[in-house]
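Asker: First to last, the sequence lines map onto chains B and F.
Quick note on numbering: numbering that gives the first Met the number 0 labels position 78 of the first sequence as 77, and the sequence is numbered without any gaps.
Quick note on numbering: numbering that gives the first Met the number 0 labels position 283 of the second sequence as 282, and the sequence is numbered without any gaps.
To be clear, the hints were calculated from the coordinates, so they are not data collected in a lab.
Predicted, not measured: the structure shown is a model, and the values here were computed from it.
Heads up, a few of these hints could be off.
The list cannot tell twin chains apart, which means a pair is met if one copy fits it or any two copies do.
Taking lysine to any residue pairs in the SDA-like style, the calculated list, with each CA pair at most 25 Å apart, reads [as the list claims (entries may be wrong)]: (1) LYS358 x MET446; (2) LYS224 x LYS423; (3) LYS61 x LYS314; (4) LYS147 x GLN428.
Protein chains: 2
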Amino acid sequence: MEEERLVTQITPKSEDFSRWYLDLIRRTELADYAPMKGMMVIRPYGYAIWENIQRSLDERIKATGHVNAYFPLFIPESFLRKEMEHLQGFAPEVAWVTHGGADELEERLAVRPTSEAIIGFMYSKWVKSWRDLPVLINQWANVVRWEKVTRPFLRTTEFLWQEGHTAHENYDEAQTETLRILDLYREFVETELAIPVISGRKTDREKFAGALATYAIEALMSDGKALQMGTSHNLGQHFAQVFNIRFEDRGQNLQYVWQTSWGVSTRLIGALVMAHGDDSGLVFPPRVAPLQVVIIPISIGNWKENVLPAAIELKNRLERSGLRVFLDDRGEYTPGWKFSEWEMRGVPLRLEIGPRDVKNNQTIAVRRDRQEKSVIGLEGLEEKVKGLLDSIQISLFNKALAFQRENTRQVSSYEEFKSVIENKRGFIQAGWCGSEECEARIKEETMATIRVIPLSEESNQKGRCVFCQKEARTMAVFARSY
Amino acid sequence: MEEERLVTQITPKSEDFSRWYLDLIRRTELADYAPMKGMMVIRPYGYAIWENIQRSLDERIKATGHVNAYFPLFIPESFLRKEMEHLQGFAPEVAWVTHGGADELEERLAVRPTSEAIIGFMYSKWVKSWRDLPVLINQWANVVRWEKVTRPFLRTTEFLWQEGHTAHENYDEAQTETLRILDLYREFVETELAIPVISGRKTDREKFAGALATYAIEALMSDGKALQMGTSHNLGQHFAQVFNIRFEDRGQNLQYVWQTSWGVSTRLIGALVMAHGDDSGLVFPPRVAPLQVVIIPISIGNWKENVLPAAIELKNRLERSGLRVFLDDRGEYTPGWKFSEWEMRGVPLRLEIGPRDVKNNQTIAVRRDRQEKSVIGLEGLEEKVKGLLDSIQISLFNKALAFQRENTRQVSSYEEFKSVIENKRGFIQAGWCGSEECEARIKEETMATIRVIPLSEESNQKGRCVFCQKEARTMAVFARSY
Numbered sequence: 000m001e002e003e004r005l006v007t008q009i010t011p012k013s014e015d016f017s018r019w020y021l022d023l024i025r026r027t028e029l030a031d032y033a034p035m036k037g038m039m040v041i042r043p044y045g046y047a048i049w050e051n052i053q054r055s056l057d058e059r060i061k062a063t064g065h066v067n068a069y070f071p072l073f074i075p076e077s078f079l080r081k082e083m084e085h086l087q088g089f090a091p092e093v094a095w096v097t098h099g100g101a102d103e104l105e106e107r108l109a110v111r112p113t114s115e116a117i118i119g120f121m122y123s124k125w126v127k128s129w130r131d132l133p134v135l136i137n138q139w140a141n142v143v144r145w146e147k148v149t150r151p152f153l154r155t156t157e158f159l160w161q162e163g164h165t166a167h168e169n170y171d172e173a174q175t176e177t178l179r180i181l182d183l184y185r186e187f188v189e190t191e192l193a194i195p196v197i198s199g200r201k202t203d204r205e206k207f208a209g210a211l212a213t214y215a216i217e218a219l220m221s222d223g224k225a226l227q228m229g230t231s232h233n234l235g236q237h238f239a240q241v242f243n244i245r246f247e248d249r250g251q252n253l254q255y256v257w258q259t260s261w262g263v264s265t266r267l268i269g270a271l272v273m274a275h276g277d278d279s280g281l282v283f284p285p286r287v288a289p290l291q292v293v294i295i296p297i298s299i300g301n302w303k304e305n306v307l308p309a310a311i312e313l314k315n316r317l318e319r320s321g322l323r324v325f326l327d328d329r330g331e332y333t334p335g336w337k338f339s340e341w342e343m344r345g346v347p348l349r350l351e352i353g354p355r356d357v358k359n360n361q362t363i364a365v366r367r368d369r370q371e372k373s374v375i376g377l378e379g380l381e382e383k384v385k386g387l388l389d390s391i392q393i394s395l396f397n398k399a400l401a402f403q404r405e406n407t408r409q410v411s412s413y414e415e416f417k418s419v420i421e422n423k424r425g426f427i428q429a430g431w432c433g434s435e436e437c438e439a440r441i442k443e444e445t446m447a448t449i450r451v452i453p454l455s456e457e458s459n460q461k462g463r464c465v466f467c468q469k470e471a472r473t474m475a476v477f478a479r480s481y
Numbered sequence: 000m001e002e003e004r005l006v007t008q009i010t011p012k013s014e015d016f017s018r019w020y021l022d023l024i025r026r027t028e029l030a031d032y033a034p035m036k037g038m039m040v041i042r043p044y045g046y047a048i049w050e051n052i053q054r055s056l057d058e059r060i061k062a063t064g065h066v067n068a069y070f071p072l073f074i075p076e077s078f079l080r081k082e083m084e085h086l087q088g089f090a091p092e093v094a095w096v097t098h099g100g101a102d103e104l105e106e107r108l109a110v111r112p113t114s115e116a117i118i119g120f121m122y123s124k125w126v127k128s129w130r131d132l133p134v135l136i137n138q139w140a141n142v143v144r145w146e147k148v149t150r151p152f153l154r155t156t157e158f159l160w161q162e163g164h165t166a167h168e169n170y171d172e173a174q175t176e177t178l179r180i181l182d183l184y185r186e187f188v189e190t191e192l193a194i195p196v197i198s199g200r201k202t203d204r205e206k207f208a209g210a211l212a213t214y215a216i217e218a219l220m221s222d223g224k225a226l227q228m229g230t231s232h233n234l235g236q237h238f239a240q241v242f243n244i245r246f247e248d249r250g251q252n253l254q255y256v257w258q259t260s261w262g263v264s265t266r267l268i269g270a271l272v273m274a275h276g277d278d279s280g281l282v283f284p285p286r287v288a289p290l291q292v293v294i295i296p297i298s299i300g301n302w303k304e305n306v307l308p309a310a311i312e313l314k315n316r317l318e319r320s321g322l323r324v325f326l327d328d329r330g331e332y333t334p335g336w337k338f339s340e341w342e343m344r345g346v347p348l349r350l351e352i353g354p355r356d357v358k359n360n361q362t363i364a365v366r367r368d369r370q371e372k373s374v375i376g377l378e379g380l381e382e383k384v385k386g387l388l389d390s391i392q393i394s395l396f397n398k399a400l401a402f403q404r405e406n407t408r409q410v411s412s413y414e415e416f417k418s419v420i421e422n423k424r425g426f427i428q429a430g431w432c433g434s435e436e437c438e439a440r441i442k443e444e445t446m447a448t449i450r451v452i453p454l455s456e457e458s459n460q461k462g463r464c465v466f467c468q469k470e471a472r473t474m475a476v477f478a479r480s481y
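The task is simple: from the sequences and hints, build the whole structure.
Answerer: Below you can see the structure in the form of structure tokens.
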């Protein structure tokens, strides 16, 4: 009864995916709408995920030799104007500061939509010689893009991200860095978020404003739409020329540096919701879950004497072993209510403990992913729980991978392409002649875009272009996307 | 010779403290000026300190039951207007966003100078019952205050900080929280930054715009000026009334919540420089130092075969034991150059290793704080190095404490007060009648302000007011400040 009541508070996923997503985020207190259009508040339960993401991604970024720094929030308009392609890419989305206190500023300041311009300027002061290279800097920051259509986590006016900005001696090093980070992102997302991705290059139409080439990892959400999870750009010498970032090379000649930039954002939290969630609510992979285990004492009889002490002992043992645990000992809610509440909030493992369990020196473990119950003895509890969490992590990844494979299709005609996109969605692998016109027409007619040209496919010929039937230059992965 | 050349790159502290501070920050790459007035870039060497501060402060904030969240960067003008005292306090310093892309906004948005207004609005949506209290939320964020006079780290247009915002059932709980955090800050600054502070209450003139009472920790920099290191505000029901944050209390009556807010910022990095630095440069306490140990191989003969492998082994051993270590194996610089470079950069401990040391299974340790050399055998190296670092940490704190004590004076007349402030600076403990007029006149005539009324002195009578000679209501601590 209580479970039923709870579940009706969120629209079932199967009924209206978009409504389900919005309901769930607010009901589980991951985030709330701010009173300004397109802005949100990341509440503690959602922010804890971001902290977990930051910790494990930052570790990887540092392990590959990068260091963190912090650059200003504001960028003078003239800096953005120096690189017209870049300005045109971002101008419609820039929030402009025009006044400081009561005074009008002489020059408008952009609230950073991304930091290539200001960082390029600073690098021109810092880099003099090949000995100063490579520069391998990352920053964790907020950025603002004035988006027309917004959705919590996926596209908001302000979001949090990390942006790496590196400078190198030559093209090869920059390209190696670009692909190293792309693969670091892939490994991170697959290992920590349990979401399989496709890595590849963006088309010129979809690339970053000012980049030589943009690479991305793309994942399939459980409604069959694609989500760009992270990007890594080879910027070439574009910004170096604009901001005059030059160094004396090993042969004592002045050269422009070669740069990269790359980022992932709080969008990843939205991806977790959409990739793993189900009709009962959120399903978090243990490695990034805000809470990994919830303990629910069965509150019957004088449970505060009979059960609660054992529940507290459970909690202490698991916390000491490094797990994120919550003991829900609230008296005002029934165990049944708590079961569905914490299911909805996506906690990977629930431990129930009642008077009989205390007597038998055991607890009932219930996995969120499969709703499977098992009785576990308290001896060696920590290792058993960790084993279950590892198993849940792997199982979520495998489920998402199976879904991605089932929903990645090859088509033999444009008719079939249209039908798949309309009825089944998912990824479509199809030949593409390389022309922007075919790409644009496909988007117009089907709302599907080229998500990536997979790395391994760049040099392969793949039959005919799915749109114009001319010889294909490459195989491309198409999908509708967020 | 080389040392001399290096040290001349920074103005000696004894000659011009302010110039020394600015030279040092740029020369050691803690920070650089950004091209926009009053803004700076925190470079990797400086940002590493902020990361260490964040890690150890965040741990303390969480251990006292707080959780992190993230609120929007922008605050609608009407929100700030709702609380006039608050608006008037911050209006001259607000950066205003007026355009999003090409469109003028209907309402101007403030770039947050602090977040009470937006957080108050959100809390009014989240808090319904006493069961929702206390709310114990902290955020790590950037804020912007359009300052006229700026100085890197101490006062910049944009800075990084944490701001805690809590809501409670009654005054007592809010007051307890306010003082708990004040003491958490004191313990944190004294333990981690090795800087002794005085804790106390601000006068009404100096309190936060909109607060019932502001408490602060104040430290003495080595030029005898005071620096406010952190503040903790009891906001009373002020913002609760303005933003209508009400809850049903245990007796089922609607009540306004009682709030607190508190913060420390990247200013603390400036404090580290000014409290511990000397003519040779930075001196960092080991617990927050970007690097704790620098290893310098003595590069004579074929050192790459004879010495470098042992230096690498040193580095690996220390890193494995959890220390932050840098091995300076650059061939283009002499050991002498490296010694003064890393002295200037404030690394607490230098380990030198040459061919004879390799033979004798030893290394030469040089403490930055006392320039003391000692020979240490490689057996049990990790524990010996940690012991030295602990000793440096304590020694820096004790030195700063002795300095603070020597420079905290009691005066018997206003003439003596003026003479001390002019010639010796430091803290002055003196009686104060409690009138704003005396406080204002003292500031006008001496540039000294009441830094705090020490907690223990609030209820004590302390002779006569140093200015008007009427009966003193309290003892106050005066100083010139940053």
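Asker: Hints the structure violates: just list their numbers, smallest first.
Answerer: 1 and 4
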